[in-house]
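Number of protein chains: 2
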Amino acid sequence: MQDGGANVKSALATNDAADMGDGASLKSEFVAFKTNRIVEAASRLFYERGYSSCTLDHVAAELGVTKPFLYSYFKNKESILAAICELGIREALTALEQVMAADHASHRDLLAQVVAKVGRIVIHRQEYVVVYQREMKHLSSADSDRILRMRASFDHQIGNLIRDGVNAGEFEADVDPFVSVWIGGLISWIPTWYSRKGQRSAEEVIEHLVQASLRLAGAN
Amino acid sequence: MQDGGANVKSALATNDAADMGDGASLKSEFVAFKTNRIVEAASRLFYERGYSSCTLDHVAAELGVTKPFLYSYFKNKESILAAICELGIREALTALEQVMAADHASHRDLLAQVVAKVGRIVIHRQEYVVVYQREMKHLSSADSDRILRMRASFDHQIGNLIRDGVNAGEFEADVDPFVSVWIGGLISWIPTWYSRKGQRSAEEVIEHLVQASLRLAGAN
DNA sequence: AAATTGATCTACTTCCCAGTAGTTTTTTAG
DNA sequence: CTAAAAAACTACTGGGAAGTAGATCAATTT
Chain A
89 MQDGGANVKS ALATNDAADM GDGASLKSEF VAFKTNRIVE AASRLFYERG YSSCTLDHVA
149 AELGVTKPFL YSYFKNKESI LAAICELGIR EALTALEQVM AADHASHRDL LAQVVAKVGR
209 IVIHRQEYVV VYQREMKHLS SADSDRILRM RASFDHQIGN LIRDGVNAGE FEADVDPFVS
269 VWIGGLISWI PTWYSRKGQR SAEEVIEHLV QASLRLAGAN
Chain B
89 MQDGGANVKS ALATNDAADM GDGASLKSEF VAFKTNRIVE AASRLFYERG YSSCTLDHVA
149 AELGVTKPFL YSYFKNKESI LAAICELGIR EALTALEQVM AADHASHRDL LAQVVAKVGR
209 IVIHRQEYVV VYQREMKHLS SADSDRILRM RASFDHQIGN LIRDGVNAGE FEADVDPFVS
269 VWIGGLISWI PTWYSRKGQR SAEEVIEHLV QASLRLAGAN
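Respectively, the protein sequence lines represent chains A and B.
If you count by my numbering, then the first sequence holds residues 89 to 308, one letter each, in order.
If you count by my numbering, then the second sequence holds residues 89 to 308, one letter each, in order.
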């Protein structure tokens, strides 16, 4: 971890004023920081090479450490994958719930905001989302159940949002709550074609995504 | 290949009237048949376990044969993957071109037909499509280039179709040809959530897909 | 400064799997 | 029915990767 020390310092710099001489919390922050770095590197490499073809030696090399280092922060390879999958979906779910809880002018507006916010996360966490979609089947059933429940909650809430909008007369009456599946599809599809180096900016894509979602919901 | 013999007979039964004593063509049909069976079994297993985690011994066992059997029909593991990827995309591309070549009442109608036809293929060949999406990165660059070219042609033709429809005034003027990407997304997303055992029938899903695509194109 | 503790590394073991060499079985032809 | 050819199999090699045991190094304490 050649530059790891420097990064640790800067990453923790914002917090050290709050440090009350209790070494335990500082230490757990160090652990969290390293855990994070492992997840980041692993998600990039799992994304590029696929989970099964990516070795832990690759991940370790990417971080400038060795394999046993990883094993002192994760039980095994699968638990790194679980961390990646969970992080992506948890962030999206949190965003959804934040938007849902806040005030909103209309169901149409609510849908637009949710889709835009989740879309931004999906673009930002591209690698996480793709790895999640591709590699879920390699999770243990405990991890897989937990993560699937989060995903189901997400879909369910979008479905409710559509239904409420239809009932409120804001979306076309012939729209099935099933369109939530299609909207989920639009969102999930982004990371497979969007490239940070491509012609379209992230915000441009989000704009199109929101338009497309509103069209699907019959809210134009 | 316990039941292989029986299947060979029935599969070729429709053809043997056309057999003109030339053993060579019969033999090549046998080869094609076995090649097909390998691709089918492999696509199912690659779909369930992932390409890298699925061994050729698994594939062989599924067919009731041994690994060297596979190597007399395919050069290596990667070429089986290439066959799977190519089959799915080629079928979709052929369907697209058929519909495009035929008469059609309107661009709206043409779009509906293309989407329905390709959607049916995607549902029918679920495993192929998912394996293609997930495992493309494991192809050699020769295979990958060839298949990407087919895919690009597909997207390009859908884009043209949208543009023509907009120019003809059948789709809303503010629709960007970019929606072809979203429509492609809807189609590609199906196999990740559609289940043959689920509540929705394939034709029901196709119906929804066509509706959604027309909405995206602003053709309602 | 010496000793203790904790973090990380070196150097394995063990298993698995793609691909192959050479043998056996089955089919075809004479 | 026998010999040649084709098809499929048995049994292996070689390399690679997950996970581990024990050594080394650095920090902290006394």
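Everything labelled a hint here was simulated from the structure, so no lab data went into it.
Worth double-checking, as some hints may not be accurate.
Put simply, identical chains are the same to the list, so a pair is met inside one copy or across any two.
Cut-off 30 Å, straight-line C-alpha distance, at most; resulting in silico cross-link-like pairs (DSS-like, lysine-lysine) [to be verified]:
1. Lys-122 / Lys-205
2. Lys-163 / Lys-205
3. Lys-205 / Lys-155
4. Lys-205 / Lys-285
5. Lys-163 / Lys-285
6. Lys-122 / Lys-285
Hints versus structure:
1. Lys-122 / Lys-205: Close inside one copy (28 Å), not across copies (50 Å); limit 30 Å.
2. Lys-163 / Lys-205: neither (33 Å within a copy, 47 Å between copies)
3. Lys-205 / Lys-155: neither (37 Å within a copy, 49 Å between copies)
4. Lys-205 / Lys-285: within (21 Å within a copy, 33 Å between copies)
5. Lys-163 / Lys-285: neither (35 Å within a copy, 36 Å between copies)
6. Lys-122 / Lys-285: within (28 Å within a copy, 44 Å between copies)
Checked against the numbered hints above, the structure breaks hints 2, 3, 5 and satisfies the rest.
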